[in-house]
Amino acid sequence: MAYTNELVADCLQFEEAFCSAECPFNLDVRDFIGKLQQGRFNVAYRTYQYTVGFPGIVSSLCNEPCKLVCPMKDAGGAISIRLLEKAAIDFARNKDPEQYNKPPKLNKIAIIGAGISGLACALRLTTKKYNVTIYEKSDRIGGHLHNMLPPDIFLGDINRQFMHEQYTLHLNTEILCLDDLCFDAIYVATGKGGAEFRPASGRDGVFSGGSLTGADIMHAIADGLNISKTIEGYLKTGIINQQEEIAGTKLIREAIRIITSNALIPADVDSYTKDESLAEAKRCLKCACDACVHFSPLMNYFKKFPKRITEEVEVTIHPSSLDGNATLATRFISTCNHCGLCKEVCPVNIDVGEFLLQSHRTMHKKGAMPWVFHEFYLRDMEFSNGKAALTRLPLGSDTSRYAFFPGCQLGASDPKYVMQSYRFLTEHFPDMALMMSCCGAPAEWAGDEALHKSALAKIKADWEKLGQPKAIFACPMCKQMFKRYLPMIEGEFLYNIMDEEGILPVNLVKDRAASIFDPCASRYEEELQKTIRKLSTRAGFNLEPLLMEGKLAECCSYGGQVAVTYPPYASNMVLTRIRQSENPYITYCINCRDIFAAAKKPTWHILDIFFDLGNENRKPPTVSERRYNRMKVKNQLLKEFWKEANTMEKSENELIISQELREKLNKELILETDVYTVIEQCEKSGSKLFDPDKLTFSGHMQIGNMTYWVEYRTMKDIGFELINAYCHRMKLGEE
Amino acid sequence: MPEKKLICYKCRKELELKKANFSYLGHTFYTDAPTCPECGIVYISEDLVKGRMSDVEMQLEDK
Numbered sequence: 001m002a003y004t005n006e007l008v009a010d011c012l013q014f015e016e017a018f019c020s021a022e023c024p025f026n027l028d029v030r031d032f033i034g035k036l037q038q039g040r041f042n043v044a045y046r047t048y049q050y051t052v053g054f055p056g057i058v059s060s061l062c063n064e065p066c067k068l069v070c071p072m073k074d075a076g077g078a079i080s081i082r083l084l085e086k087a088a089i090d091f092a093r094n095k096d097p098e099q100y101n102k103p104p105k106l107n108k109i110a111i112i113g114a115g116i117s118g119l120a121c122a123l124r125l126t127t128k129k130y131n132v133t134i135y136e137k138s139d140r141i142g143g144h145l146h147n148m149l150p151p152d153i154f155l156g157d158i159n160r161q162f163m164h165e166q167y168t169l170h171l172n173t174e175i176l177c178l179d180d181l182c183f184d185a186i187y188v189a190t191g192k193g194g195a196e197f198r199p200a201s202g203r204d205g206v207f208s209g210g211s212l213t214g215a216d217i218m219h220a221i222a223d224g225l226n227i228s229k230t231i232e233g234y235l236k237t238g239i240i241n242q243q244e245e246i247a248g249t250k251l252i253r254e255a256i257r258i259i260t261s262n263a264l265i266p267a268d269v270d271s272y273t274k275d276e277s278l279a280e281a282k283r284c285l286k287c288a289c290d291a292c293v294h295f296s297p298l299m300n301y302f303k304k305f306p307k308r309i310t311e312e313v314e315v316t317i318h319p320s321s322l323d324g325n326a327t328l329a330t331r332f333i334s335t336c337n338h339c340g341l342c343k344e345v346c347p348v349n350i351d352v353g354e355f356l357l358q359s360h361r362t363m364h365k366k367g368a369m370p371w372v373f374h375e376f377y378l379r380d381m382e383f384s385n386g387k388a389a390l391t392r393l394p395l396g397s398d399t400s401r402y403a404f405f406p407g408c409q410l411g412a413s414d415p416k417y418v419m420q421s422y423r424f425l426t427e428h429f430p431d432m433a434l435m436m437s438c439c440g441a442p443a444e445w446a447g448d449e450a451l452h453k454s455a456l457a458k459i460k461a462d463w464e465k466l467g468q469p470k471a472i473f474a475c476p477m478c479k480q481m482f483k484r485y486l487p488m489i490e491g492e493f494l495y496n497i498m499d500e501e502g503i504l505p506v507n508l509v510k511d512r513a514a515s516i517f518d519p520c521a522s523r524y525e526e527e528l529q530k531t532i533r534k535l536s537t538r539a540g541f542n543l544e545p546l547l548m549e550g551k552l553a554e555c556c557s558y559g560g561q562v563a564v565t566y567p568p569y570a571s572n573m574v575l576t577r578i579r580q581s582e583n584p585y586i587t588y589c590i591n592c593r594d595i596f597a598a599a600k601k602p603t604w605h606i607l608d609i610f611f612d613l614g615n616e617n618r619k620p621p622t623v624s625e626r627r628y629n630r631m632k633v634k635n636q637l638l639k640e641f642w643k644e645a646n647t648m649e650k651s652e653n654e655l656i657i658s659q660e661l662r663e664k665l666n667k668e669l670i671l672e673t674d675v676y677t678v679i680e681q682c683e684k685s686g687s688k689l690f691d692p693d694k695l696t697f698s699g700h701m702q703i704g705n706m707t708y709w710v711e712y713r714t715m716k717d718i719g720f721e722l723i724n725a726y727c728h729r730m731k732l733g734e735e
Numbered sequence: 001m002p003e004k005k006l007i008c009y010k011c012r013k014e015l016e017l018k019k020a021n022f023s024y025l026g027h028t029f030y031t032d033a034p035t036c037p038e039c040g041i042v043y044i045s046e047d048l049v050k051g052r053m054s055d056v057e058m059q060l061e062d063k
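Same order as they appear, the protein sequences are chains X and V. Under my numbering, the first residue of the first sequence carries the number 1, and numbering increases by one thereafter. Under my numbering, the first residue of the second sequence carries the number 1, and numbering increases by one thereafter.
Mixed in with the good hints, there may be bad ones.
[As the list claims (entries may be wrong)] Going by beta-carbon spacing under 10 angstroms, a handful of chain V positions derived as facing chain X:
1) Ile7
2) Glu16
3) Phe22
[To be verified] To list a few chain X residues with every Cβ distance to chain V over 12 angstroms, as calculated:
4) Met488
5) Glu683
6) Gly686
7) Ala725
[As the list claims (entries may be wrong)] Here are a few chain V residues that face chain X, going by a calculated C-beta distance under 7 angstroms:
8) Asn21
9) Tyr43
10) Met53
Honestly, the hints are just simulated from the structure, not real lab data. In this text, a Cβ means the ideal position worked out from N, Cα and C, and glycines have one as well.
So here's chain X without its partners, still in its complex pose (with noise of 0.2 angstroms):
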């Protein structure tokens, strides 16, 4: 729990607005303004009226100290509060004050002063039915006041909202010392260098404050309205508290989004029509931090801030219920896409990415995370790190200086652009090496910290076996990881060097406008994305700006794995960053490229472009042809480069499956491989059901913790064609 408070110990979600915290009255200007936004004059009057106690008063003197530290100031013009504030005055329905029906309270209360800061307390006091009554040694009402403004505008304004409310007052009555007064608390506001008892009087319940205390007029109200809530606190417990002060706020500018736009000039002076107010209004920033909010996509999605999802998390860790479940963050820690994003938008870095890897890690380490979300990828790993792996030194080298580190998923997309890569590489590098496996990001993402370690000290054993050779990464996700885990061997970017090079593409394109989608895992890799827009220019691509890219870049939706843990909120990533821009993507990472062009995005891998590769529309692969292109790069670059004879397996039978069933069972990452492996047992045990109708066979077998189901025919000397297949996560029998 300390972690996580100290992680959000500088969020600044709950940081007022700089204008409130400047306000005397402390006025919820959000609050009051958006009211306004939305043209409710009326509720816009009365949180202000609530705030100020003398709208029309405070209205009309208000030295607008919010317009000084109102970021807009350099926008175009600092919002104008103060006639805002006037035509919530002027627009509301109803001005007068609320009548409360509350029992008369016994205690006594004297204000020493009728000025603008006695009357303020007593206005609260009087709501709330305390017997008060007010001293003032002159024959009227109103003090400094009379020197400010015209006495119908803040008389006007006294007078009704006091409208519900009595007090006794004594004018042309001086108090000379306390000591005669029997009441139960004395508020002393006796004004610009009036008199001061507290000292001489050494009595509890003496209060002071306004312009005696040194206030200005808007402080003098505020003063009244703040020492009468110490009052009552002190009638109720015998306790003085201290007023609370304006803490000030840790808000600070950067966090601020500014749109520019012109300050609203009334085209009567000193107020605001209708319209005119709505229009500045709407200027409003209504400063607050949530920058994360706005730029991550799992707090956008599910509008949380980092303390909600600290808390909620941390319940979920260590659930208090009695049946020890109560875990409603589980899914959530499982759907981060660790794109970092949150952390580089944060104006005090809160990186809860990171909280939310550790987390994570802790779920399961506690067998406390769904084997599901990340069973698919994490098998999928394993064949990338196992049947599809290959690491090897050149022929007739027996060391190396570089090594290519392709990743599992190019070659999964296209074996070509592999196998280009490759030529190219080893075209100007000779002894450029091969080191093709995963990174170990699926098992980061799925918080499987020994899995994890075992991949790393298997890539590490790799390069030490390759003579440490420097890595020549295709894919900034691999890159990261290398750069986090495996720091001590350097890596470089394929692209790098194709630029180096003097790369050109096999066809220039002409004056092609495209944007540059910059994978997440670019973000602080400020030099590759320079060559990516380099090398697209020079294949004759116009390249328009993404506003989400360099330092801003967004996940694609493959991050963290994410897709079976929470699917919609996937498909929706995928259809935002689309919809980023109408022109066709270049990036760098397959798994963008792949994923993009899946929804019909056309999108180029650099690759396609200067190899001549696929085109942007290239349908990309099903989850089971992925499988089926790793192994056949492993085949074609063992036979092209190391002269070896092809080992791909060919299974006996043939199995034969419709387009529209290849979709599904694509959709619901059911391999082909797998719906083979249970026909297979279903018919080398006899464990299957017949069908007399249909004249088909069903069997399930349990693969991993999936268990799937088939419905096949068989065909004779053919194979078998499979009719059905899905799958569960429940168990058949019991655990």
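Guided by the hints, dock chain V onto chain X, whose structure is given.
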């Protein structure tokens, strides 16, 4: 929808509705499912998998 007629290939017996057990994330359940009266092999339809079973799976993951 009436359950379709299925025959256990091994035992040559028609399946009958019987109580079948399931477990997931430490919880166990049962429902009636077509089962071979002899060897006990069960059949779970896609409708059951995509419907009730999937709902319970999601609920348990969120619990």
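Next on the checklist: Hint validation: asparagine 21 of chain V versus chain X, beta carbon distance must be below 7 angstroms. Holds or violated?
Outcome noted: 5 angstroms, holds
Next on the checklist: A closest beta-carbon separation below 7 angstroms is what the hint needs, so does tyrosine 43 of chain V meet it against chain X?
Outcome noted: Status holds, d = 6 angstroms.
Checklist entry - Under the criterion of a CB-CB separation shorter than 10 angstroms, is isoleucine 7 of chain V in contact with chain X as hinted? => result Cβ of isoleucine 7 of chain V sits 5 angstroms from chain X, so the hint holds.
Item to check | Supplied contact hint for methionine 53 of chain V, tested at 7 angstroms Cβ to chain X | outcome: 6 angstroms, holds
Checklist entry - Does glutamate 16 of chain V meet its interface restraint, that is, does its C-beta lie within less than 10 angstroms of any C-beta in chain X? => result With a minimum Cβ separation of about 13 angstroms from chain X (threshold 10 angstroms), the hint on glutamate 16 of chain V is violated.
Checklist entry - In terms of Cβ atoms, is chain V entirely out of 12 angstroms range of alanine 725 of chain X? => result Alanine 725 of chain X not clear of chain V: closest Cβ-Cβ about 9 angstroms, inside 12 angstroms.
Checklist entry - Does phenylalanine 22 of chain V meet its interface restraint, that is, does its C-beta lie within less than 10 angstroms of any C-beta in chain X? => result Interface hint status for phenylalanine 22 of chain V: holds (4 angstroms vs cutoff 10 angstroms).
Item to check | Non-interface label on glycine 686 of chain X, tested against every C-beta of chain V at 12 angstroms | outcome: Check fails; 5 angstroms does not lie beyond 12 angstroms.
Checklist entry - Is the nearest Cβ of chain V still more than 12 angstroms from the Cβ of methionine 488 of chain X? => result Holds, since 39 angstroms exceeds 12 angstroms.
Item to check | Non-interface label on glutamate 683 of chain X, tested against every C-beta of chain V at 12 angstroms | outcome: 10 angstroms, violated
In terms of the numbered hints stated before, the structure departs from hints 2, 5, 6 and 7, listed from lowest to highest.
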